[in-house]
Amino acid sequence: MLDDSARTAPSSPLLSDLSGVSGRRRTTNTVVTVLMGLCVAIIFVVLALVLATVIGKGWSIVSKEFPKWFTKDIQLSPRRPGPGMKAAIVGTIITTLTATVIAVPLGIAGAVYLNEYGKRSLFARILRFFTTVMAGVPSIVMGLFIYVFWVVPRGIDGLNSFSGALSLACLMLPIVVRSSEEMLRLVPQNLRDASYALGATPSRTILTVVIPKASPGIISGSLLAVARAAGETAPLIFTIGAAKQVNWNVFSGTNTALSRQIYDNAKESFPAAQERAWGAALTLIALAFLFTIVARVLSARISRNS
Amino acid sequence: MALSIADLRTKKQFADRLFRGTTLAGGAAILVILTLIAWTVTDKSSLVFKSEGLNFFTERRFAPSATPAVYGALSFIFGTAVTALLAIIIAVPISLGLALFTTHVAPGWLKRPLVALTDVVAVVPSVVFGLWGIIYLAPKLVGPFQTVSGWFHGVPVLGSLFGQVSAGRTFMTAGLILAVMITPIITSITREVIETCPEADQDGALALGATRWEMIRGAVMPHSIGGIVGAVMLGLGRAMGETIAAALVIGSSPALTANLFSSGDSLPSVIALQWGEATSDVKRSALIAMGLTLFLMTLVVNFAATAVVSRSMKRMQGVS
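Chains as they are written, first to last, in my numbering: chain A, 18 to 323; chain B, 59 to 378.
Everything labelled a hint here was simulated from the structure, so no lab data went into it. Worth double-checking, as some hints may not be accurate.
[Said to hold, decoys possible] Straight line, CA to CA, 35 Å or less: simulated DSBU-like cross-link-like pairs of lysine-lysine:
| id | chain 1 | residue 1 | chain 2 | residue 2 |
| --- | --- | --- | --- | --- |
| 1 | B | 108 | A | 284 |
| 2 | B | 372 | A | 136 |
| 3 | B | 169 | A | 136 |
| 4 | B | 70 | A | 136 |
| 5 | B | 372 | B | 108 |
| 6 | B | 169 | A | 230 |
| 7 | B | 69 | A | 230 |
| 8 | B | 198 | A | 85 |
| 9 | A | 81 | B | 198 |
[Unchecked claim] Some but not every residue of chain B turned toward chain A, in silico, with C-beta under 8 Å:
| id | residue |
| --- | --- |
| 10 | 68 |
| 11 | 70 |
| 12 | 74 |
| 13 | 77 |
| 14 | 80 |
| 15 | 159 |
| 16 | 179 |
| 17 | 183 |
| 18 | 185 |
| 19 | 190 |
| 20 | 193 |
| 21 | 194 |
| 22 | 301 |
| 23 | 333 |
| 24 | 336 |
| 25 | 356 |
None of the values given here were measured: they were computed from a predicted structure. Ideal Cβ positions, reconstructed from N, Cα and C, are used throughout, including at glycine.
In isolation and in its complexed conformation, chain A is listed as follows (with noise of 0.2 Å):
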């Protein structure tokens, strides 16, 4: 078989024919050959035993509490079980949902700034350079910098779903900023020359042609940062405080997240925690798949629009 698609590798039609190969040299060859496909093996079955355990153990308890579970508070002690997950889904969408409001217009306009005006100046090269040192800096961090910032000159009040979005948007925005600014690089310059010549301001240029044309490419880099600040748990520990009950407000009062669901939960021993844990996994992992396919549906038809 791994013989086979040696054999018919695209690029290389001269490796069809090792017969004049010496045994050790063939040996070698094929026996790293396996190896890497033993690689691909690997991440393949755990990738696999994560998922198959996470939708089984997840689907047995939100199917037995169907619908409860998208209905219903989340249960006050951890040692009982039911009912519902509703809190923490909420949760999970309104604060992503302000991160992403905060996190991505000013990402996509420090992008424009970088590949529109500021190109190779040194200061646009220092931005650069401070983006990617950004994305490197744990999201712990930015939960314990957003809560000495943000929270404690407030209080308790602080504590809300909105610094949480705060300290999703600083792990959201140098990922926006550095897909979309990959994106704007790719629109031909032939596009930009023939709107100007056209008598077009470079704003009007950047916002009429140049935009548009990365739009498909931008939106699906943004959705991937939303997905993975969906995911986040270490800055919402932090900033959001530990509630049970459903809050839409954004501006007061705690919140909670699916994330931090699963983590309080996960440390718990009673089994009818752990249960909530894989239900809001489950929970989590299907938000983040949809962001995911949508991101692609998106730019999909956008980029067939344009």
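Using the hints provided, position chain B relative to the given structure of chain A.
Quick look at chain B alone, frame taken from chain A:
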């Protein structure tokens, strides 16, 4: 209607400047936030440095409830370094194999699914890996750990590395889970770097009668090694900063030991776990100082990684 051409131009110019200023503000936000992070986090850490001084970095005990309270970060720094290194040691060969298989072995139709496979691993939230690690994987690992520990019992060095198994939640468990989580980032960067390798070099090697592996070793590797090193360091940075998965599976009992099968603790996990119980200002300050330490550690690694990657990218563009 009464606008002259000149008026129109200044109005246009104003709108243009405004737009340019707005985009500049978006970019500058990054610098502002990074500066604020460094400043506020350092500021809030000062309390613990006032009471502990630089002993904070060299003291192995962390006993906030003792009298007098002791705040030391050494065992957590150690745990962070050990788990991140373990993750790298496990993840690098797998990522390399995955990237090379995708670019050089897999037939055309298999390439996209393989790229999608790594993408899916990247989409799974870290807390889900943590949940899987603590409930599913950790209990199953005790047996294999004991077997391995039995093999090396009494052997110098290896015997102490793979010593007594205390539980399923150990440095090694955390290393394994982190390895899975950083595989996508190392794989995707490595794959991109390998794909920039000039076709001519590869064809040349094959024309000289090299087998595929000899071609990879002789033509692809020398070309890509800089970028791969950078990718590995970015993975290292990610592994050090990953909080939740590590916090769940590392066992949360600080230890300074060579034994990889012992429970330990790391900087991000102690911050996450102790935060709820941190009521005194000094303890909070100590945890924030650990965040600062983590920030600095990842900063150094990421600085180095970025420099290595951009230098090798530049060199490769010069080649092709």
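Verification of the hints:
For the proposed pair residue 108 (chain B) and residue 284 (chain A), the alpha carbon gap of about 34 Å is at most 35 Å, so the pair holds. Among the hinted pairs, residue 372 (chain B) with residue 136 (chain A) is consistent with the structure: their alpha-carbon atoms are about 17 Å apart, no more than 35 Å. Distance restraint check for residue 169 (chain B) and residue 136 (chain A): the Cα-Cα separation of roughly 34 Å lies within the 35 Å cut-off, and the hinted pair is therefore satisfied. Using a Cα cut-off of 35 Å, the hinted pair residue 70 (chain B) and residue 136 (chain A) holds, with the two alpha carbons roughly 23 Å apart.
Proximity of residue 372 (chain B) to residue 108 (chain B) is assessed by CA-CA distance (about 45 Å); at most 35 Å being required, the pair is judged violated. A hinted pair counts as satisfied when its Cα atoms are at most 35 Å apart, and residue 169 (chain B) with residue 230 (chain A) qualifies at roughly 27 Å. With a CA separation close to 27 Å, the supplied pair residue 69 (chain B) and residue 230 (chain A) stays within the 35 Å bound. In summary, the hint linking residue 198 (chain B) to residue 85 (chain A) is supported, as the alpha carbons are separated by about 33 Å, within the 35 Å threshold.
The hinted pair formed by residue 81 (chain A) and residue 198 (chain B) meets the criterion: a straight-line CA distance of about 27 Å does not exceed 35 Å. The beta carbon of residue 68 (chain B) is not positioned within 8 Å of any beta carbon in chain A (closest approach about 12 Å), and the interface hint is therefore violated. With a least beta-carbon distance of about 5 Å to chain A, the hint placing residue 70 (chain B) at the interface is held under the 8 Å criterion. At about 5 Å, the closest approach between the beta carbon of residue 74 (chain B) and any beta carbon in chain A falls short of 8 Å, and the interface hint on this residue holds.
With a cut of 8 Å, the hint placing residue 77 (chain B) at the interface with chain A holds, because the nearest CB-to-CB distance is about 4 Å. Hint status for residue 80 (chain B) relative to chain A: holds, with the closest Cβ pair at about 6 Å, below 8 Å. Because the smallest distance between the Cβ of residue 159 (chain B) and any Cβ of chain A comes to about 4 Å, under 8 Å, the interface hint for this residue holds. Nearest Cβ of chain A to the Cβ of residue 179 (chain B): about 5 Å, under the 8 Å cut. The hint holds.
With a cut of 8 Å, the hint placing residue 183 (chain B) at the interface with chain A holds, because the nearest CB-to-CB distance is about 3 Å. Annotation: interface hint on residue 185 (chain B) holds; nearest CB of chain A at approximately 5 Å, less than 8 Å. Interface restraint check for residue 190 (chain B): the shortest CB-CB distance to chain A comes to about 5 Å, inside 8 Å, so the restraint holds. Using the Cβ-Cβ criterion of 8 Å, the hint placing residue 193 (chain B) at the interface with chain A is satisfied: the shortest such distance is roughly 6 Å.
Because the closest C-beta pair between residue 194 (chain B) and chain A is about 5 Å apart, less than 8 Å, the hint holds. Hint status for residue 301 (chain B) relative to chain A: holds, with the closest Cβ pair at about 4 Å, below 8 Å. Checking residue 333 (chain B) against chain A by beta carbon gives a least distance of about 6 Å; that is within 8 Å, so the hint holds. Annotation: residue 336 (chain B) was flagged as interfacial toward chain A, and the flag is violated, the nearest CB pair being 10 Å apart, outside 8 Å.
The interface hint given for residue 356 (chain B) holds, since its Cβ lies 6 Å from the closest Cβ of chain A, which is under the 8 Å cut-off.
The earlier numbered hints that this structure contradicts are 5, 10, 24.
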